[in-house]
Amino acid sequence: MGNKKLVYLGIAIFLVIVTLPFWFNRGKAAPAPELVLTAKAKEAKECVRSKEYMAKDHMRVLDLWRHSVVRNAERIYVNPQGKEYVMSLSNTCLDCHSNKAEFCDRCHNYASVRPYCWDCHIDNPKETK
Amino acid sequence: MLELALKGSKRYYGWMGFLLAMVGVGFLIYLKQLDFGLGITGMSRDVSWGFYIAQFTFLVGVAAGGVMVVLPYYLHDYKAYGRITILGEFLAIAALVMCLTFIIVDLGQPRRIFNVWLYPTLHSVLFWDTIVLNGYLFLNIIVGWNVLEAERNGVHYPAWVKPFIYLSIPWAISIHTVTAYLYAGLPGRGFWLTAIMAPRFLASAFAAGPALLILLCLIIRRTTSFDPGREQIQTLAKTVAYAIVLNVFFFLCEIFTVFYSQIPEHMDHLTYLFVGLHGHGTYVPWMWTAMGLMVISIILLVNPVTRKNEGVLAVACIAVFAGTWIDKGLGMISGGFVPNPLHEVNEYIPTLPELFISLAIWCLGFFVLTALFKIAVSVKEEVRE
Amino acid sequence: MERSRRDILKLFGISALALSTGPVLDAFAAEEAEHGAAAEPYVKMGDKALKAKQWAMVVDTRKFESEEDFTPLIDACHKIHNVPSMPIKRQEIKWIWTAPYHNAFPMSPMKFVDEKLEHTPLLVLCNHCENPPCVRACPTNATFKNPDNGIVMMDFHRCIGCRFCMAACPFGARSFNFRDPRPFINPAELNKQFPTRTKGVVEKCSFCAERLAVGQLPACVEASNGKLVFGDLYDPESKVRELIRTNYTIRRKQALGTEPSVYYIV
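Protein chains in written order, with the working numbering: chain A, 1331 to 1459; chain B, 66 to 450; chain C, 1272 to 1537.
Be aware that one or more of the hints could be misleading.
Simulated pairs of lysine-lysine, DSS-like, Cα-Cα distance not exceeding 30 Å [what the hints assert, rightly or not]: (1) Lys-1334(A) / Lys-1281(C); (2) Lys-1315(C) / Lys-1375(A); (3) Lys-1510(C) / Lys-1315(C); (4) Lys-1319(C) / Lys-1413(A); (5) Lys-1315(C) / Lys-1430(A); (6) Lys-1413(A) / Lys-1463(C).
Chain B side only, calculated, beta carbon under 8 Å to chain C, not exhaustive [said to hold, decoys possible]: (7) Lys-97; (8) Leu-103; (9) Gly-104; (10) Arg-110; (11) Trp-114; (12) Gly-173; (13) Ile-178; (14) Asn-180; (15) Val-181; (16) Leu-187; (17) Leu-191; (18) Leu-251; (19) Cys-318; (20) Glu-319.
Quick caveat, the hints were computed from the structure, so don't treat them as lab data. We put the CB at the ideal spot given by N, CA and C, even for glycine.
Isolated chain A, as found in the complex:
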C-alpha cells in the first residue's frame, strides 16, 4: 500500500474522535436526576404501577393506554393490585405529576430523549401555564 501512513493516520484520528465522549468527560459524570413529586403524587403513595416498573416501562403503559382508549374505546385500567384508573395521560398521569419541569423533564433531559407527547397532551391540568 502506498498510502499506508495516511491510512494509519486516518484510523488514529477516527479513534480519537469516536472515543471523544469518554475521555472528554472523564471524572465529570453527570449525577443521576432527582425527581420532585408533587404533593398530590406523594399523597397517592403509589402510581398506577410500581415505581420500579414505571421508571423503566412507563412507555409500555402509555402505549397500552393509548391503544385501548383510542382504538378499542376501553378507558378503565385495572392494575395488578386491582385498583382502577381512567386511562388518560392528560387527566390521570399529568393530574398527579403536574410538574413536568421537575419530574418528567429531569430524566428525559438526562437520557436525552425528547418525547413529543406534550405537543398534544396539555401538561399541568390543574395550574394555568
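Place chains B and C on chain A using the hints.
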C-alpha cells in the same frame, strides 16, 4: 462501477455541483417546512394534495415509461434496443427516487412513515403503491446493475437475472395502474372516478417517459462518444407518437362522456379547468397550453418527415413532456379537488417555497440520473473501444 | 485484496449478529420477570359508557331557524375539542359547520326549492359512514371504524399526514393541521382535559367518543336542545329509529353507497 461516476469533465463536475447546490438549498427550505408545517405550501383544506403529489404522479409515469424499451427487447427480441435498455432502467431509478422523495416531502408527519409497513393495511391502495414503487426501484437496480456489469466484463448476464427482467415488465404496468387506482376508486371525486383513469395514466406515461428518453439520448450523443443510435431513437419516437395519440383520444373520450351526459357534477371539474367556474379560472391558460402542446406534438410525431428530423423531434418531445406534465400534474390534481365535495370553489396556487422544494427534488433526480447515465455511458465507451 | 475485504465484512457481520443476541435475550427475559408478580393488569370499558352498534344522528332541520341556532352547537364542539381558529381561511379546521342546502346536497340541486331550504343553512359534519371510503383509503389504519360502536375514529398517534382520507371523503368532513394549532386556540377556553392535535395530522368529528365513554351525549347534541337526536341505528326502539320511521329523512350523497349515519329531517 460507481467509480465511473466520480470522474468526469469540468462540465460534468460543474453540472453535478450546480445540482447539489440546488438540492442543498431545497433541503434547507424543507427544514423550514418540517418546522412550520405544510402551511408554507399553497395546499388547503379543499385542495389537500398539490404540487408535490402532482409531481409524484407524473414521475411514476416517467418511471413506467422505461418499460417501453425493455419490453420490445426482452419479449420480442428487438435487438436494436439492446443498446439502450440500461438507459430506460436507469431513468426509471432516477424517476422513482424523485417519486419517493416527493412523497416524503408531502407527508405531514414524515417521521412516522414506517407506520405504513408497521401497520400494513391491505385495503389501502396507498399501501400497495409503496410496495410496488419500492419493488420497481429494486428491480431496476438489480437488473440494470447486473446487466451493465456483465456488459462491461464482456459476458452474458447471469441466468438468475432473467426472471427479474421478466417480472419488471408487468411490474412497470402495475406501478402506474396502482397509482391511477389511488384516484380512480374514490367515490367522492367525480373527476377521477372513471375507468379510463388507469389507461390514460399509462398512455401519458408511455408518451412522457420515452419522450424524455429520446431527449436524453440526443444529449448523450452530443456530449459523449456513445451514440444510442438513430434507429433506436426513431422507434422510441413511434412509441411516443402512438402513446400521445392514445392519451389525447382518451381525453376526448372523457370530454364526450362528461359533456354529452350533461351531469352537472362531472361537468364542473372540466369546466373549471378549461373555462373557469364561478369566476375562478387560474388554470384555464395552462390547460389550453397543454392541449396545444399535445396536439402540436401529435402533428410532428405522426408525420414521418418531421419525426425523422431529429431537431424537430426534440421539439416534439419537449412538447409531449411539457403537455403531459401540465395535464397530468397540475390539471388532474386541481381539477379533481375543485370544486370541493360541497361544490365550493377554492383555488390552489403553489407557493414559492413549495415550488423551490419541488425544483430541488427534480435536481436530485437529475443528479442521480446524470451519475447513473455517466456510469452506463462510460461502460459503453469502454466496451466499444 | 478483494478476498480479504469480503472476509473482513463477513467477520463484522457475524460479530454484529453475535453481539446483538445478548441484549435481545435480555429484553425477553425482562418481560418474563414481570409475569411472576401479582395478577395480570387488564382494561375494560367504564360502567357509565353508552353503547351502540352504530351511533347515528338525526338532524331536525325544521327546528333550525337562523344562524344563531347553529352557533351554540358549533361552539360547544369546537371549544371542548380545542379546535383552533386558523388565521388563513384555506387552512381552517372545522369539525361541524353550516352549509347552504345546495352545498350540503350538491347532487340534488333543485332550481325551485321551498323558502326554508333556500334560506336556512344546514348542519354538516362527519357522517360516520357504515361503509367509509376514508377508512378504505388510510394506509396505516390511523382512521378506522370502531367495530363495536360504528364511530369512524382518528388515531392521531398513528396518522402520517398523507391526507389520502381527505381526498377520499365525499363530504369534505376532514381538516388538516397545516401548522401547529396551539397558538390559535383561545387560552382562556383551552380544554385541558382533551389533547390538542399537532401539525401534520388530519382531524374530524369523533361523535364525542370521549363523552360517550362516560355516559354523556355528544356536545353538539346536548347543546342543541332536542334539535339533534342521537342513538343506536340498529336498536329498533331507539329515538333515531323512531324519527326515521315517522319522518321523511334524507342523507347526503346517498347514491354513493357510503351509508352515512347522519339523517336529515327536511
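The hints, checked one at a time:
1. Between the alpha carbons of Lys-1334(A) and Lys-1281(C) the distance comes to roughly 23 Å, so the proposed pair stays at or under 30 Å and holds.
2. The hinted pair formed by Lys-1315(C) and Lys-1375(A) meets the criterion: a straight-line CA distance of about 24 Å does not exceed 30 Å.
3. For the suggested pair Lys-1510(C) and Lys-1315(C), the alpha carbons sit about 27 Å apart, so the restraint of at most 30 Å is met.
4. With a CA separation close to 18 Å, the supplied pair Lys-1319(C) and Lys-1413(A) stays within the 30 Å bound.
5. Annotation: proposed proximity of Lys-1315(C) to Lys-1430(A) holds, straight-line Cα distance about 29 Å (limit 30 Å).
6. Pair hint Lys-1413(A) plus Lys-1463(C) holds up; C-alpha atoms about 25 Å apart against a cutoff of 30 Å.
7. With its C-beta approaching chain C no nearer than about 12 Å, Lys-97(B) sits outside the 8 Å limit, and its interface hint is violated.
8. The restraint placing Leu-103(B) at the interface with chain C holds, with a minimum CB-CB distance near 5 Å, inside the 8 Å limit.
9. Proximity of Gly-104(B) to chain C holds as hinted, the smallest CB-CB distance being about 4 Å (cut-off 8 Å).
10. About 6 Å separates the beta-carbon of Arg-110(B) from the nearest beta-carbon of chain C, less than 8 Å, and the hint is met.
11. Nearest Cβ of chain C to the Cβ of Trp-114(B): about 6 Å, under the 8 Å cut. The hint holds.
12. Among the interface hints, the one on Gly-173(B) holds; its C-beta lies about 2 Å from the nearest C-beta in chain C, closer than the 8 Å criterion.
13. Contact between Ile-178(B) and chain C, as hinted, is supported at the beta carbon level, the nearest pair being about 6 Å apart and thus within 8 Å.
14. For Asn-180(B), the shortest C-beta to C-beta distance to chain C is roughly 4 Å, which falls under 8 Å, so the interface hint holds.
15. Evaluation of the Val-181(B) hint against chain C yields a held restraint, the C-beta minimum of about 5 Å falling below 8 Å.
16. For Leu-187(B), the suggested interface contact is broken, since its CB lies about 10 Å from the closest CB of chain C, more than 8 Å.
17. Taken as an interface hint, Leu-191(B) checks out: its beta carbon lies about 4 Å from the nearest beta carbon of chain C, inside 8 Å.
18. With 8 Å as the threshold, the beta carbon of Leu-251(B) comes within range of chain C, its nearest partner Cβ sitting at about 5 Å, so the hint holds.
19. Taken as an interface hint, Cys-318(B) does not check out: its beta carbon lies about 23 Å from the nearest beta carbon of chain C, beyond 8 Å.
20. Below 8 Å, beta-carbon pairs count as interface contacts, and Glu-319(B) has none with chain C, the closest being about 19 Å; its hint is therefore violated.
Checked against the numbered hints above, the structure violates hints 7, 16, 19 and 20; every other hint is satisfied.
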